[in-house]
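*Asks:* Quick mapping for you: the protein sequence lines, in order, are chains B and P.
Counting from 1, one number per residue, gives the positions in the first sequence under my numbering.
Counting from 181, one number per residue, gives the positions in the second sequence under my numbering.
There's no promise every hint is true.
To be verified - Partial list, computed: chain P residues near chain B (C-beta under 8 Å):
(1) K182
(2) Q191
(3) Y193
(4) H209
(5) E211
(6) L220
(7) D227
(8) A229
(9) Q232
(10) A233
(11) A234
(12) S241
(13) L244
(14) K247
(15) A251
(16) I409
In case anyone wonders, no lab produced these hints; they're calculated from the structure.
The C-beta atom is built at its ideal place from N, Cα and C for all residues, glycine as well.
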Amino acid sequence: MTKSQSSIQKFESETMIHLDVLLAAARRILRNHQDAEDIVQETYLRAWKYFNTFKPGSNCRAWLFRIMFNAINAMRGKQARMPLTPLEDIERMDNQKGNVITFDPLRNIEGGEVLRAMSLLSEEYRTTLWLVVVEEFSYRETAVVLDVPIGTVMSRLHRARKELRKLLATEKACSAAGGC
Amino acid sequence: MKCNEVKQLIQLYMDNEMDARSTLDVQLHLETCSACRHILDTYMIQDEALKQAARQEPLDSRFLRRKILAAIRRQPYATSARFYSAPVLRRIAAVVLLATVGALVLLRGELLPGASESVYAAAASDHAKHCAIDSSMGAITNSEELGRLTAAYSNLDAPPDLSAFGYGDPRATVCTVKEEKFLHLVYYNQEQQPVSLFVRPHSEGLITSRFNVASEGDYQVASVSSAGIDLLVVASLGQEQTSTMTKAIAAQLKV
């Protein structure tokens, strides 16, 4: 086995287990499948380029997320004032039925419902919410990944949860009324 | 703990971001307060719904995975290897650069930026020595002789004209500055304040073409090599005046 092959294998075994979570996060944050795939590919190419700076045993997932958000920021810089991606494709997926989540007998929230509501949050809010709630990063890790102060993480998270609660309440009201 | 305090802390409590003591305080409050418990439940249900929905989302990353690995394999290992060695290369480059700059300073540093401090000190010392009235008695003041000497040490037929600055009656001696011969011209103004000009055909080693002026004791010393002539000016004037005068002299040398 050549040195190159062993390096690729090492890289693959270390990083590829996080591919799905990165792609899921990118899809929700960018709200566009193609952009998400492009940014994840860019993330992996950057990670490969800087793989020698990665310390074995450290948090590879957080490292990859950090790279991904740098790549997103770079993309945002290139596409200044980029129009918001239409929600059609993400909505189509959210509307798929058969994914009912039951936690409280009195309160059923459909998976599509909560994801659709989250997509309506601002990018800052849904990014922070995703990292803390779905990825279960600590506040400190989230602050590092997003390169913002920890206080910013806390305030964004608080507002994001509050906003999401309002959106879900509206959605429920709309559903009860047979649509808005 | 009161409800207002708990409402402020509920998010930290949910996300396990509190210390043990505060966690216990919040727990004790929640056991007895249904209103706060309701807020907590609402957010927890919401979070859990989001978490499960995200995890149950259908996702097929097989194609992307193949694409990424193919892209990585297309990148030659040298890319990675170069990156590995880049910091080392940068360090080597920095050392080489420093060594080069150091060598330049050692070899020519005395000349940077215009001439070394020792040249300025020698010129200032010679200025002080030859500008005392009694020691200037033996200097050449005859205009014909002055012209001949000036022509021998510069591209002018006569000493530079400093009348625009109120200086005249030049007198000349041949002096040694740092073991190099210069024609030393001393001018006086009406207050009998002297200014010295040191000129010689340009020769590598003492003065560069870069104009410079610096303080040397009570004097300002300016230096420049222009039109093939090395020039030093020593005066008791301000730095700006000395600079202006030196540049005017250098302009005359060019003509």
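*Asks:* Are the hints correct? Go through all of them and say.
*Replies:* Okay, the hints, checked on the actual structure:
1. Interface hint status for K182(P): violated, as the beta-carbon distance to the closest one in chain B is roughly 19 Å, over 8 Å.
2. Of the supplied interface hints, the one on Q191(P) holds, with its beta-carbon coming within about 6 Å of a beta-carbon of chain B, less than 8 Å.
3. For the restraint placing Y193(P) at the interface with chain B, the shortest Cβ-Cβ distance is roughly 13 Å, beyond the 8 Å limit, so the hint is violated.
4. Annotation: H209(P) was flagged as interfacial toward chain B, and the flag is violated, the nearest CB pair being 19 Å apart, outside 8 Å.
5. Given hint, E211(P) at the interface with chain B, is violated; its Cβ is 19 Å from that chain's nearest Cβ, farther than 8 Å.
6. Look at L220(P): its Cβ only gets to about 11 Å from chain B, farther than 8 Å, so that hint breaks.
7. The beta carbon of D227(P) is positioned within 8 Å of a beta carbon in chain B (closest approach about 5 Å), and the interface hint is therefore held.
8. Among the interface hints, the one on A229(P) holds; its C-beta lies about 4 Å from the nearest C-beta in chain B, closer than the 8 Å criterion.
9. The beta carbon of Q232(P) is positioned within 8 Å of a beta carbon in chain B (closest approach about 5 Å), and the interface hint is therefore held.
10. This hint holds: A233(P) has a C-beta 3 Å from the nearest C-beta of chain B, less than the 8 Å allowed.
11. The closest approach between the C-beta of A234(P) and any C-beta of chain B is roughly 4 Å, which is under the 8 Å cut-off, so the hint is satisfied.
12. Of the supplied interface hints, the one on S241(P) holds, with its beta-carbon coming within about 5 Å of a beta-carbon of chain B, less than 8 Å.
13. The beta carbon of L244(P) comes within 5 Å of a beta carbon in chain B, closer than 8 Å, and the hint placing it at the interface holds.
14. A least Cβ separation of about 6 Å between K247(P) and chain B falls short of the 8 Å threshold, and the interface hint therefore holds.
15. Restraint check, A251(P) versus chain B: the minimum CB separation of about 6 Å is within 8 Å; hint holds.
16. Because the smallest distance between the Cβ of I409(P) and any Cβ of chain B comes to about 56 Å, over 8 Å, the interface hint for this residue is violated.
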